[in-house]
Structures are given as structure tokens and as C-alpha cells.
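A.B. asks: Can you build the whole structure from these sequences, using the hints too?
Residue-level listing of the chains:
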Amino acid sequence: MLTTIHSCTLRGIEGVRIRVEVNLSNGLPGFSIVGLADASIKEAKERVRICIQNSGFPFPAKKIVVNLAPANLKKTGTHFDFSIAVGILAAAEQLGKMPAQTDAFLGECSLNGEIRGIRGCLPMVLSLKQSGASRVFLSPYNLKECAMVEGIDLIPVASLKEFVDHFQNDSFQFVHPSIDKAEQIQYSVLGDFSDIQGQREAIRAMQIAAAGHHNALMIGGPGVGKTMIAKRLPTLLPGLSEMERISVMKIHSVAGLPLDEIVKGIPPVRMPHHTITRAALVGGGNRVMPGEVSLAHQGVLFLDELPEFDRHTLELLREPIEEARIRISRSAESIEFPAKFILIAAMNPCPCGHYGSRYHACTCSERERKRYLERISGPLRDRMDLFVEMEEPLFESSGQRVKADSSANLRSRVCLAMDRQRERYQDADFSSNSELPSQELSKYCQLSSDCLRLMDQANRRLHISMRSMVRIQRIARTIADLDDESQIKEAHLLEAIHFKQNGNRYWGDGE
Amino acid sequence: MRTLLAWLHAQHCPYADLRTILREKDRLEGLAPLGIMEVLPQLAEKTRLALLAYEQSKQSFDIEQVCRTHKSRMILWGDCEYPAYFYEIEEPPPVLYVRGQGGLSRQAMFAIIGSRRTTQYGLRNAKRIARNLAQAGIVIVSGLAEGIDTAAHQAALEAGETIAVLGCGIDWIYPKSNARLYEQIAESGLLLSEFPFGEKPYGYHFPFRNRLISGLTEGVILVEGTNKSGAMSTIRHALNQGKMIYALPGDIDRKTSEGPNQLIFEGAEPLLNCDQILDCHAVQRRDQKREASLELTPREREILCLLDQEPMGIEKICNLSNLSIHDIVSVLTSLELYGTVIRQGNHYYRTRR
Numbered sequence: 001m002l003t004t005i006h007s008c009t010l011r012g013i014e015g016v017r018i019r020v021e022v023n024l025s026n027g028l029p030g031f032s033i034v035g036l037a038d039a040s041i042k043e044a045k046e047r048v049r050i051c052i053q054n055s056g057f058p059f060p061a062k063k064i065v066v067n068l069a070p071a072n073l074k075k076t077g078t079h080f081d082f083s084i085a086v087g088i089l090a091a092a093e094q095l096g097k098m099p100a101q102t103d104a105f106l107g108e109c110s111l112n113g114e115i116r117g118i119r120g121c122l123p124m125v126l127s128l129k130q131s132g133a134s135r136v137f138l139s140p141y142n143l144k145e146c147a148m149v150e151g152i153d154l155i156p157v158a159s160l161k162e163f164v165d166h167f168q169n170d171s172f173q174f175v176h177p178s179i180d181k182a183e184q185i186q187y188s189v190l191g192d193f194s195d196i197q198g199q200r201e202a203i204r205a206m207q208i209a210a211a212g213h214h215n216a217l218m219i220g221g222p223g224v225g226k227t228m229i230a231k232r233l234p235t236l237l238p239g240l241s242e243m244e245r246i247s248v249m250k251i252h253s254v255a256g257l258p259l260d261e262i263v264k265g266i267p268p269v270r271m272p273h274h275t276i277t278r279a280a281l282v283g284g285g286n287r288v289m290p291g292e293v294s295l296a297h298q299g300v301l302f303l304d305e306l307p308e309f310d311r312h313t314l315e316l317l318r319e320p321i322e323e324a325r326i327r328i329s330r331s332a333e334s335i336e337f338p339a340k341f342i343l344i345a346a347m348n349p350c351p352c353g354h355y356g357s358r359y360h361a362c363t364c365s366e367r368e369r370k371r372y373l374e375r376i377s378g379p380l381r382d383r384m385d386l387f388v389e390m391e392e393p394l395f396e397s398s399g400q401r402v403k404a405d406s407s408a409n410l411r412s413r414v415c416l417a418m419d420r421q422r423e424r425y426q427d428a429d430f431s432s433n434s435e436l437p438s439q440e441l442s443k444y445c446q447l448s449s450d451c452l453r454l455m456d457q458a459n460r461r462l463h464i465s466m467r468s469m470v471r472i473q474r475i476a477r478t479i480a481d482l483d484d485e486s487q488i489k490e491a492h493l494l495e496a497i498h499f500k501q502n503g504n505r506y507w508g509d510g511e
Numbered sequence: 001m002r003t004l005l006a007w008l009h010a011q012h013c014p015y016a017d018l019r020t021i022l023r024e025k026d027r028l029e030g031l032a033p034l035g036i037m038e039v040l041p042q043l044a045e046k047t048r049l050a051l052l053a054y055e056q057s058k059q060s061f062d063i064e065q066v067c068r069t070h071k072s073r074m075i076l077w078g079d080c081e082y083p084a085y086f087y088e089i090e091e092p093p094p095v096l097y098v099r100g101q102g103g104l105s106r107q108a109m110f111a112i113i114g115s116r117r118t119t120q121y122g123l124r125n126a127k128r129i130a131r132n133l134a135q136a137g138i139v140i141v142s143g144l145a146e147g148i149d150t151a152a153h154q155a156a157l158e159a160g161e162t163i164a165v166l167g168c169g170i171d172w173i174y175p176k177s178n179a180r181l182y183e184q185i186a187e188s189g190l191l192l193s194e195f196p197f198g199e200k201p202y203g204y205h206f207p208f209r210n211r212l213i214s215g216l217t218e219g220v221i222l223v224e225g226t227n228k229s230g231a232m233s234t235i236r237h238a239l240n241q242g243k244m245i246y247a248l249p250g251d252i253d254r255k256t257s258e259g260p261n262q263l264i265f266e267g268a269e270p271l272l273n274c275d276q277i278l279d280c281h282a283v284q285r286r287d288q289k290r291e292a293s294l295e296l297t298p299r300e301r302e303i304l305c306l307l308d309q310e311p312m313g314i315e316k317i318c319n320l321s322n323l324s325i326h327d328i329v330s331v332l333t334s335l336e337l338y339g340t341v342i343r344q345g346n347h348y349y350r351t352r353r
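These protein sequence lines are chains A and B, in that order. Under my numbering, the first residue of the first sequence is numbered 1, with each subsequent residue one higher. Under my numbering, the first residue of the second sequence is numbered 1, with each subsequent residue one higher.
Hints listed in this document are in silico derivations from the structure and should not be mistaken for laboratory results. It is possible that some hints are incorrect.
[Said to hold, decoys possible] To be clear about the criterion: a stretch of chain A counts as covered by chain B if any three or more of its residues have a C-beta under 8 Å from a C-beta of chain B, and this derived list gives those stretches:
1) 195 to 204
2) 363 to 372
3) 456 to 470
[Said to hold, decoys possible] Straight line, CA to CA, 16 Å or less: simulated EDC-like cross-link-like pairs of lysine to aspartate or glutamate:
4) K71/B / E187/B
5) K370/A / E146/B
6) K129/A / D153/A
7) K231/A / E261/A
8) K489/A / D327/B
9) K63/A / E21/A
10) K129/A / E150/A
11) K71/B / D171/B
12) K176/B / E368/A
13) K176/B / E374/A
14) K97/A / D170/A
15) K370/A / E308/A
[Stated by the list, open to error] Computed Cβ-Cβ distance ranges for the label pairs, DEER-style:
16) S329/A / P298/B: 51 to 61 Å
17) R318/A / Q11/B: 50 to 60 Å
18) A179/B / P222/A: 28 to 38 Å
By construction, the Cβ of each residue, glycine as well, lies at the ideal position given by its N, Cα and C atoms.
C.D. replies: The following block contains the structure:
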């Protein structure tokens, strides 16, 4: 007796529909799974057998062969358990009726008969919907993350027994979770920029970074507030749109991370530790998984203590920064993950952290300091737009304590600038100033004669390279957008020069 | 004779012997090593052995050729180019190697010295002093080390002439990080070494070579350094040689200003203004270009007024003025482009002319 059940597997962050063929025949009782299944699937034999028995059904004493088709695609994961169990019960004619071709099953079996949640449920449901499935049976644990997918019935099943009891008469009872789409984003969990004392230059840089998707590097001693500022950057970003939310959730779902905040539309912030491996940063591994750059998609990637990162690991950031995606190539396959993020990095001015400090003496030699700075390669520095040197906050008399603008105030400007960019680039294949190709600068960033003269002066006086000039024009475009100006003014250009030049000065470039 | 001396020098024969040979060179002309030993019986054992070895290997030793490969030239004790002041110092070097366009002219020279470990304050002032003196036609001498030396050389190169006195053979670039500066000085300044070609930068060379740094000059300016720093050894030589000593006063609780402050306490002249040196040594000043007076906007004037009080960072300017952060940033950049303010570390300074 042969049955075919539909399920799905993951390839990168996309699902691929899989047919689970179960055949029961007479002969020596046995159970085998074929179709390039890895160890986690082979182990399904034991889980499924005991799950069926502990749910109160007899396990057929037949020769059982399960084939996962297409059989030439490598498969991994425990989510086939449910479909295998259903296939065996259907082939043994214990279900009362056959599952339809448009039914699909995703879930892991536990020994006590429960259906457990799985990793990567959302992308699999999305691709099942595309390939024509109309009903997906899944674990209640996965229901919430998939709730925003429309046009497909999601039926939560807590246990195998519950499924068998209700399947014949289609008497499943459940409440579909409501999706609170229009809900105002609760930024407060992330803190607010008004918590920060002083450091207005750095906050301004964050505002520019958020508005034009520019990368920024903060340089400052311990305790000046670099991490505090970086953590609050998402409060300057408008919430994720429906499309962005789904693309981010797909990645996080594959990585098996909690999705609660992204469901609410809060952009992700990733803060990997500097001991991170290459595969963990850009993706990869035996089972190719998205790395931190992809987990930060549509959000912020914060690298604290930038020089402490392995230099070769950092160099891998070049591709995602340029292309907003990362391609993991293997001899057998090549997988692409989206990776459009704002890179915020922070570092100390020297190994001891006190160079230039008013309160502490620096104990590093000039050479140690240089070597520390050199760990950040020129090409990577080139890809950073905004540099800020941060001083220790001033402890003025308490009455003078100055508070920074609130996140809400800063964000309203950012949203304005983003709207301007969206409007300007509606016909182009990019959406933010940082992606503006250099050959299109003249089209979108016309400079007045005053500005050209200023650029020329800056070039001579500060020895700014042509490449930096291009970056400066993009930043100036964002600053003008923040100012709601359609034309770049001299003041915008000067501010852009300042933030880019900070970095050149620090590394002694162009001197 | 020059080749023989270069050979003996390369074999590390005592300086005294080399000077003796140089003093008697007219009598020794044309003599074989055995003859030289006969005329000068007081030569040390090492020199005698080197003389004998020279006889065997003189075919393969061509100092002129080596000099050409390294674009250098040799100056001997007694040559007309030999710096006059060196006759007065202890252990005058019998052989000098120089490389570069600059000459060891009779122009006034000053040494700017300091430690490798520096602060922004030291670097800034080393540059300022070097620039001002070099503009006035004074040659700046230093030791091509990291830190203060580098700053002084760089600023002097931009405005005038500089001489670097090395602690290794002239064909060695040390420290490696100064390779570019080494090339620049070779291009438009002068590199000078008393060590033979190929001599490595051994630690004990540096205090020894320091006597040449002070020896070349009219006076020595100590910018920064702790009491134990190498710069203090240059000062000791300068005192022995009777040179003027200037010290840049610094914060008394700053470790790097310990040396200069101690010197001031002991009677060195505190260097408050480069005019002190220029007036005292009656150096002819070159006309300094006056920048055209600039039209300043009210915002620029406001920020300049603040910076006139004291150097400050952006945060403080922000606190003291009513301008927004983005206005301040663009005004400061604009002033920087005019050259009216400069930035060092986190702070902006009003430039003084």
C-alpha cells in the first residue's frame, strides 16, 4: 500500500516542497528511510514508531520504506516526522480517509505523541503556499510566526492523537491568532536617545546613518557611551513594512531565533561578540545557515571592539556591505541570503583605551597604537561613511546637564528623509542614498557652483581622495534630506566632510 | 687613503686610531700597512689586525662603489664639509656618511628632541616649533625616531630643511614605520650617520649618537620626555658641549613633561615663543605670507570667540553656544578649510600666526 504525503525542506531561507512516499509491503518487518536523508531524519524511525505506539495506534508489522522525493536533494531536519507518521497511518488505513494532495505536514514527533515546533516554519509555509498547498498541519508552537501568511489554512495540531481523532470529520477546533498589523511600535523596550548625556555629535551621526543607511564608526574610550548609543539606533528607524517583516522573519525563523520583536515590526539589532567565526558572521556551516549579517537584514549590525575581530573575518563584510546580500558558495550548491544592514562599529582609540583622555594616562606606545588602528583595513575603512571621535562626557554642574533630543523627535526627521529618498529613487533599483551608484551621482546630487568650489578647496586643503569625495556627496545628500532640502547646500557638504574626514584624520590618510 | 679609512671604520677600529691616521695622513700617503704600523707604533691591536686584513681584501672593498649604490657620500674628519662643531665634542666621529640634497652648511641648526611616547600636546608643539624655526631658515635636527622626532622632521620638511642623525648604518631604515619619512628626508633634507654601512640599530648606538644631535646645533629644544627618557641623554651631551637648552613647559602632573619641567627648574630656558630663539640668534626671518583677511559669518565669529578662550571639543562648544550640533559641525569644517582652526584629537584650536 503506497501513500504520498506532502511536506517541505529548507534550502537556505527558501522552502522546497518534498513528497514523502510511504510504502507498506508484506515481508520481514522493517523500517527504512531513503532520499539523501541525514542523521536527524534517520533517527525519525525511532521517534515515529514510539510516537505512533504511545498515541494508542498499532505500528504496522510490515516492511516500511519511506522515500523523500526529489531523492537527489539533500535533506535535513526533524520536521519530516509528522508527515512520515501520517503517511504510515494512512498506508495502514488507520486514518479513515487519505490526506489530499493539497495537505501538507510540518512538525517533529515527540515520544509521548505530541507534535513539536520546528525551525524555519515560516519560509516552508510560504513556499508550500506558492506550490499550491491549501492546508498546512503544524505544531501550535509555530502558529504565531506563520499567522501573517494569507491564503493558506494553518491548522495547529497538538498531538498525533488529536490529528487522527479530528481528521476524518474535519472537526479541528482552534482559534486563529489575530495579527495586530497597525499596532504602534513600542520602541520603549530599546531605550531612548534622551537617556544619553551629551555626545550630540555621535547622536547626530546616528541620525544620518539611520536616514541614509550609512555605516558609522564610533571611536572612544571605555564608558563614553558607544554601546548605549548603538543599541538605541533602531529607535530612529521606522518600523518594518509588511514585506520587510516577512523577509526578516524568514531568516530568523531558519536560524531558530525568537520572532516576537520582529512580528511587532521592530528592526533587528545584532551584536556579535568579537570572537565570532567567519561562518557565524556571514553564514555557512555544514547545514548552511544565515550568519549575523543576514540576521541583521533590514536592521543594525553592531560590532563592538572592532579591532579585536579577526581581520580576515572582518574582510568578509565587504561583499554584504557593497551588495546588500551574501552568497555562500559550495561545490554542490550556492545559496544567497539577503544582508542589507546598517553597520555600526565601535572601537577604543588605543589598546588601553585612554589615548586622548583627560582623566587617564595612556600607557600605549605610538607603535602599539598604530598597530591597533591598522587592524582595520583600508578597504573596510573606505566603506565606512561616518566617523565620530567621542570624548568622555563633561561633568558640568548638575543644573547644566544637557539632554539629547528624544528618539521620537530624531525619528520624525529620519522618516521625512526616508520619504524623500523613496520618492526620488522610485524609478531606480535602489532605495537609499548609501546605495546610490557613483555614476548616478550627477543625476541625483547636483552640486551648485558654490559647493563645487568648496569641494575643490577641501580637496586641496584636506587632501581628500576621489573615492572619499563620492562618499561625502552621498552623505551630504542624506543631510540635505534630513533638512528637507532638494538641493545640497554648502552647510550640508561641510557637515559630510567633517564626518568622513574624522576617519581619514584618525588613520593619517591623505596627509 | 679614503678606502683604507672606510675599511678600518667598518672593522670598528677605535675612533682615536682613525683620527691619528687622519692627522698624519700626509706622512702615510703611499705606505703599505706595515709601513703605517712602523710610523704609528701606538695603534691598538685591533687596528693593526684590521690593517693587515685590509691588505688581503682591498681588491673586493670599494667604498666609493658602496656609496654610489646607497646614494651617499663619505665625509672625513678634516674635510672642509666636516661640521666645525664636531671638532669640539667628545669622541668626534672620524668618518661620517651622509645622504640627501641638504648640506652641512654653516646655517644655524637647532635640535628638537623628545620621547617616542607622546601626547597630543607634545606633537602639536613639536610641529609648531619646527615649522616656525624652519620657516625662519633654521635647520631642524632630530633623530628620526617615532613620536616627537617624526613630528619635528615632518613639519620642518614642509617649511624648510631638516637633518636626521641615525643610530644605525645609513642604509638601514629604522624605525621601519618611518620609511616614507626616510625617503622624504633623503629627497630634500639630509640623513647623517657615523656608523658604517650595514650597521644594525643596536640599542647602545642611540645614546652615543645623541652627542652628534646636540653637537651639530646651536641649541637643543626638549619637547617631551620623562626623566629617564633617551632625550635626556642628548641634554646631558648638550650641557657638556655648552649648548643652549630650551624646554617646553608642560603640566606638572604629566609624566611626559617631567623632563622638560625638571630642566626648567634647573635653569633651562622655558620655550614660550619661538621668537625667543629667533631674536636671540638673530636669524634672518623670511617674510611670512599673510592670509587675506576673511569675511566671517556671525556663526563663525561666535565659534571663533569661544575657541579664543581655550581649545575645546564639539560637546563643549555645543554647551556654550546656542547653535545646533549640525551647524557647529559645518561651521567648524568651514573654519578648518580656511585654516583658521585646526583639530587635534577631540579638540579644536585657534591657529596662531
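A.B. asks: Each hint needs a verdict: does it hold in this structure or not?
C.D. replies: Right, here's what the structure says about each hint:
By the rule of at least three residues with a Cβ nearer than 8 Å to a Cβ of chain B, the coverage given for the stretch 195 to 204 of chain A holds, with 6 such residues. Counting residues of the stretch 363 to 372 of chain A whose C-beta lies closer than 8 Å to any C-beta of chain B gives 4; at least three are required, and the coverage claim holds. With a threshold of 8 Å between beta carbons, the proposed coverage of the stretch 456 to 470 of chain A by chain B holds, since 4 of its residues qualify and at least three are required. Of the supplied pair hints, the one linking K71/B and E187/B holds, its CA atoms being roughly 11 Å apart against a limit of 16 Å.
With a C-alpha separation of about 11 Å, the suggested pairing of K370/A with E146/B holds against the 16 Å cut-off. Of the pairs offered as hints, the one joining K129/A and D153/A holds, with about 9 Å between alpha carbons and a cut-off of 16 Å not exceeded. Straight-line distance between C-alpha atoms of K231/A and E261/A comes to about 15 Å, which keeps the hinted pair within the 16 Å bound. Between K489/A and D327/B the CA atoms are separated by roughly 12 Å; this keeps the pair inside 16 Å, and the hint holds.
This hinted pair checks out: K63/A and E21/A have alpha carbons roughly 14 Å apart, not beyond 16 Å. For the proposed pair K129/A and E150/A, the alpha carbon gap of about 9 Å is at most 16 Å, so the pair holds. A distance of roughly 9 Å separates the Cα atoms of K71/B and D171/B; the hinted pair therefore holds under the 16 Å criterion. Straight-line distance between C-alpha atoms of K176/B and E368/A comes to about 14 Å, which keeps the hinted pair within the 16 Å bound.
Note on K176/B and E374/A: the hinted pairing holds, with a Cα-Cα distance of about 15 Å set against a maximum of 16 Å. In summary, the hint linking K97/A to D170/A is supported, as the alpha carbons are separated by about 11 Å, within the 16 Å threshold. Between K370/A and E308/A, the direct Cα distance comes to roughly 14 Å. Compliance with the 16 Å bound is thereby established for this hinted pair. A beta carbon spacing of about 59 Å between S329/A and P298/B agrees with the range 51 to 61 Å that was offered as a hint.
Between R318/A and Q11/B the Cβ separation comes to about 54 Å, which falls inside the hinted range of 50 to 60 Å. Under the hint 28 to 38 Å, the C-beta atoms of A179/B and P222/A, about 33 Å apart, fit the expected range.
Hint compliance for this structure: no hint is broken.
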